[in-house]
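**Q** Now for the letters of each chain:
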Amino acid sequence: MSDDQTTQIREAIQSAISENPVILFMKGTPDQPMCGFSARTVAILQSVGTPFAAVNILPDPRIRQELSTLSNWPTIPQLFIDGEFVGGCDIVTEMYESGELQTALGVEDANDGEPAPEPAAQEPAPLTIENRL
Amino acid sequence: MAATDAPATPEELKQRIETGIPGATATVTGDGHHFNAVVSAPAFQGLSRIAQHRLVYDVFGAEVGDRIHALSIQTKAKASETENIA
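Keeping their order, the protein sequence lines are chains E and U.
If you count the first sequence from 1, position 38 lands on 973 in this note's numbering, and the numbers rise without skipping.
If you count the second sequence from 1, position 18 lands on 32 in this note's numbering, and the numbers rise without skipping.
Treat the hints as calculated values from the structure; they're not laboratory data.
Being a predicted model, the structure only gives us computed values, none of them experimental.
The beta-carbon is built from N, C-alpha and C at its ideal position, and this holds for glycine as well.
Some hints here could point you the wrong way.
As the list claims (entries may be wrong) - Some chain U residues judged to face chain E by a derived CB distance under 7 angstroms, without partners named: (1) R63; (2) Y71; (3) V78; (4) S86; (5) I87.
Just chain U, same shape as in the assembly:
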């Protein structure tokens, strides 16, 4: 099911998160098995922490716990581009 059998990289995870969650910005670190992702996205606004983390896990589906052995997540809601922070 995994897109590839090659080891996951922080760069791959970052791109997939940013592609999978509209407007998301991700910073991902990791060693190929254990990763830490700090993600901010407008989509997180108004969601509980659990729901925010689920959006991130959903990007990877069954790969979490398997190809991506562990994925630690911190999420932040950010204002969408159209909303101006004045």
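Pulled out of the complex, with its shape left as it was, chain E reads as follows:
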């Protein structure tokens, strides 16, 4: 019986990953992160200015369980870009600092060679997926 629900959760995670070009699994929500690592990752994504989907893993421990099985990654947050697991807070931070994250998100080439001004206080518009899991 709970096997069915676990399968449902797994499938919901898989389709969320494939349907959203940028999706962050986190503790809490972008507006109210419940963990420093999630908060930091959200801040990075918002400063890059890319819209992203976010899934709160806290409501049901099985979300985290199934997610970690799928990604083979033990910790939260977890960022996926174009269906691919990119990393957690440490890797996202390193990639942000080296510019790889901006490249992966395709935000660097937005201006034709013009060095883009820092989108400092640009209003981020993260999507939040309702947790129906």
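Model the placement of chain U on the given structure of chain E, informed by the hints.
**A** Relative to chain E, chain U alone:
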């Protein structure tokens, strides 16, 4: 499953990383719950960052998120002992 129920220490984590990953050198700081590990190892060469971090997480298995509440990782590939940096 944990080797012990005693709180984890940076020293314990350092030793386990260095034992678990051949040739690894680790610097670990932490407060018993949140840890930061800077690890360099020849085994990291040619691996993606994700794969490098997985090697470190694998040392602790299910203890990550449990006994070891949080483990922040920075990895660096280092030349193996036999490879000389001339």
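**Q** Each of the hints needs a verdict: does it hold here or not?
**A** Now the hints, each set against the structure:
1. For R63(U), the suggested interface contact is upheld, since its CB lies about 5 angstroms from the closest CB of chain E, less than 7 angstroms.
2. Taken as an interface hint, Y71(U) checks out: its beta carbon lies about 5 angstroms from the nearest beta carbon of chain E, inside 7 angstroms.
3. This hint holds: V78(U) has a C-beta 4 angstroms from the nearest C-beta of chain E, less than the 7 angstroms allowed.
4. Restraint check, S86(U) versus chain E: the minimum CB separation of about 5 angstroms is within 7 angstroms; hint holds.
5. The criterion of a C-beta within 7 angstroms of any C-beta in chain E is met by I87(U), whose closest approach is roughly 5 angstroms, and the hint holds.
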